[in-house]
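Residue-level listing of the chains:
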Amino acid sequence: MTALLEVRDLTVRHGGVIAIDQVDLRIDAGQVVGLIGPNGAGKTTFIDTLSGFTAPAHGSILLDGVDVTGTRPHERARAGLVRTFQSLELFDDLTVADNLAVAAHTPTWRSTVTDLFRPKSHDAADVHRVLDQLGLLPLARRFPLELSGGQRQLVALGRALVAEPKLVLLDEPAAGLDPAETAELSRLLRTLPATGASVLVVDHDMSLILGVCDRVDVLDFGRIVASGPPDVVRDDPVVIAAYLGAGG
Amino acid sequence: MVTSIGFLLAGLGGGAVIASLALGLVLTHRSSGVVNFAHAALGMYVAFAYFEFRETGDLVLPVLGLPARVHLVPRPTLATALVFAVVLAAALGALVYALVFRPLRNDPPLARVVASLGLLLYLQETVRLRFPVAGSGVVRRRPVLPADPVHLLGTTVTLNRLLLAGLAVVVTVVLWAVFRFTRFGLAVRAAAVNEKGALLVGISPDRLGTLSWAAASVLGGVAVVLIEPIAGLSPTTTPLLVVPALAAALLGRLESFAVATAAGLAIGATQSFILGWAVRPDAVHLPSWIPTTGLQQAVPVVVIVAVLMARSDALPDRASVVPHRLPPSPMPRNVTFWTVALAGPTAFALWSTDAAGRHAIIVSLVAALLALSVVVATGYVGQISLAALALAGIAGFTSIRLVEQDVPFPLALLAAAALATVVGVVVAWPATRVRGMSLGIVTLAIAVAIEQLVLASDAVSGGAAGRAAPRPDLFGWDVGFGAVGAENYRAEFGLVCLVVLALAGVGVANLRRNRTGLRWLAVRANERAAAAAGIDVARSKLGALGVSSFIAGLAGGLTAFSVTTLSPTSFMVIGTLVAVALTYLAGVSSIGGALVAGTLTHGGVLMALSGGPSSGSGDDVQLALSGIALIVAAILAPAGITGVVRTAWWRLRHRAGSAHDTVATATPRTAT
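Sequence lines, in order, name chains C and L.
Position 99 of the first sequence, counting from 1, maps to 116 under the working numbering, and the rest follow consecutively.
Position 272 of the second sequence, counting from 1, maps to 1260 under the working numbering, and the rest follow consecutively.
One or more hints might be untrue.
As the list claims (entries may be wrong) - For the chain C half of the interface with chain L, some residues (derived, Cβ under 10 Å), not all of them:
1) I35
2) G69
3) D109
4) A118
5) A120
6) D132
7) F160
8) K183
9) I257
10) Y260
Said to hold, decoys possible - Pairwise CB distance ranges, derived in the manner of DEER restraints:
11) C/V34 <-> L/A1246: 39 to 49 Å
12) C/L154 <-> L/S1598: 42 to 52 Å
13) L/V1290 <-> C/G33: 26 to 36 Å
14) C/S104 <-> L/D1194: 46 to 56 Å
15) C/F134 <-> L/R1643: 32 to 42 Å
16) L/D1194 <-> C/G166: 54 to 64 Å
17) L/V1061 <-> C/L162: 54 to 64 Å
Hint data in this document are derived by calculation from the structure and do not stem from the laboratory.
All C-beta atoms, glycine included, are put in the ideal place defined by N, C-alpha and C.
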């Protein structure tokens, strides 16, 4: 069976520093995979590279068996590889509903021309569905700056989901959430594979990672140092060393 | 070979001025983050004041309302006069910083651009008011530097050119050393990285700003004084020296003194070389219809664009995402109602006023169209493009050509606007990689090149004489006008302008309300996030800039038929700068803002209502005052007039108690 995402021998350099060092990784359809590691391990760089914002020095990225290594970020998003940002990067000028509507449809030259001649017309069924799924309907017409941190996280997640991704890359989705909100997010992430979206989630919240993931990969100094089911990885001495420091 | 060296050396003078102005631009940008479009205008004022003082001993004050001149000394020597120029320039620089740019320190870059444009207009008109350009009042301008011939490399060059270039290099080394080795330089570099941190360790950004602005102003002032024998001095052309200087500074990323100077000298030498090559009798390869000055402008521009494109990225990197902080763009509501409510009375007014009134309405309608193109480019997709009038000019002369060839008027208008769109997209290509103020500078330089290479060409416009438009008709219906009586500015032509504006306005409103507009706003807000949401950022920008160019083209086509003779002066870059500034002042991110900008425009409806344009010096006073208005508005109302009105309206409704649950959604989040 073809993997949903296959990363082969991926190496990323920032100037002279090797941020990602010969990483191989595989995600199958229906999986929720966690990626953890200490600060500076290269987690965000990894997501940047998968989503096309950073060019790798070496290696290849295959989505559904198709090599997407050289493609641009919006092309990967349209191909079903969608990400969120650690800093959310919501469109502050747009309402919550419009934040999602931006990502909902692939534009064509024709749609631009027809937009010129018709009053407001976009069909909002998909936006409505995702807002409902995330419990954001009451906030649909608010602006991001009027929302709480947890609500903003959900908008960022909604913007990723509305594009109906095959694989969604979540960069610290639990940052700024209280325990109740984190529990709600865990429940939500578990439901995603059933809707067709597999997940790669980066987070520092161990209860989230250990609670929802089928597999956890551990990144340290740009290398995958451990990989396996959550309860195995949790007790792996290599992982403990990575987090506490090599000497600890 | 020898003559080529001669031409290159002759360009050192012009190059030195570009370099010194570029040094000043880098200095003020590094210390206060301001790209000062009025930099050369400041130098121009100092130069005018210097020559006046040198001959008469009078200080001419640049403040309207104060006495025009104060007599200081009876017979100033060269040394006194130079000291005077330096002190005046320093005081002027410090004053401008304190009054204009310090208050704008935390405002969006565009607000500072608008303020600097206001300053440019003010200085330009003040010079026109205070210094006679003809008659007995004109003072002799005694050159400061000797112009003796010097033999060098087998050719002859005047001494002043060598001295100017030498001075530019010395100043560069001094500035570099100051920034590299002194506490002042360290402080500026620290404050540029982290202003709060600098404050915490006891560095005052105000003092740094004041010092830098004074120094930059002295540099600019002295440069313009010294170059006068070579480049001349005029309120029309001298302020535009800032364009090549900006280009040179931009090559040094507005950071590097050395690169700015090298680029400035190179631009000057290249321009001189092109000029010399073009006027040589054996240079027959060059068709006569290509204006040499245009070629001089165009060649450096091409190089600059290429360099900038090559070293920029398609998307900003993680660290350099800066908030645009343009005013919020409200969703257009009740479009049909507003279209009818505004177009109806305007049509009525066209048929009920005299020729002067009709003229004012037509001027305002065309200006509103131009402002609408600024709203799409800058307000909606966040790109500072300063080429609108150059594109309008292309469309204007094209539409005249087409109607002369018996193409029906409406088709000619559309075809000309389509051509403007194509050119506009090419001009806007740098926008796919170059961002913010840099894009503004690049498009400004391209606009100057188009103006002088294409629009000034005999083949296109008939040169300075201009080109007369044939009388337009709309499938047999006469919509043109004559020069006198009831024929003058006939209402029918006004109706054509009104219909074009209404259609363009509704089209833009539709785009804004649909997904296309959402994508534009997404790109404006955050390019990285937009790309992650599946938006092709480059294509979105080019699409919006194409729409913007099309509208500018329509404005140009209408301009062509609203004057008896269309000359290239209708499309000078300064006009674009004024249009952008007015649109910003009126509200750059809404269609209403474009309409308000139209009424505010020079010679438009507002001016007609407030007593009509006065002639002669009164006109200059009005322009000078509008310069001040721009500065004040940039400081006080960053969201523009329509933004202020909208906020007031919302407050009123809120207080009236209509606070049902949609209030939050209608909240106009005022720019903070």
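Agreement of hint C/I257 with chain L interface, Cβ distance less than 10 Å: violated (30 Å)
Per-residue hint verdict: C/A120, partner chain L, C-beta under 10 Å: holds (4 Å)
Hint check, C/D109 versus chain L [nearest Cβ-Cβ separation less than 10 Å]: holds (6 Å)
Consistency of beta-carbon spacing, L/A1246 to C/V34, with hint 39 to 49 Å: violated (29 Å)
Satisfaction of the C/G69 interface hint, Cβ to chain L closer than 10 Å: holds (8 Å)
Supplied distance hint 46 to 56 Å, evaluated on CB atoms of C/S104 and L/D1194: violated (31 Å)
Assessment of proposed distance window 26 to 36 Å (beta carbons of L/V1290, C/G33): holds (35 Å)
Range hint 54 to 64 Å (beta carbons of L/V1061 and C/L162) holds or violated: holds (60 Å)
Cut-off 10 Å, beta-carbon criterion: hint that C/K183 touches chain L: Violated. Min distance 13 Å.
Status of the given 54 to 64 Å range, CB of C/G166 versus CB of L/D1194: At 36 Å between Cβs, range violated.
Consistency of beta-carbon spacing, L/R1643 to C/F134, with hint 32 to 42 Å: holds (39 Å)
Minimum beta-carbon distance criterion (10 Å), C/A118 to chain L: The hint holds - C/A118 has a Cβ within 10 Å of chain L, the shortest such distance being about 6 Å.
Hint compliance for this structure: hints 1, 8, 9, 10, 11, 14 and 16 are not met, and every other hint is.
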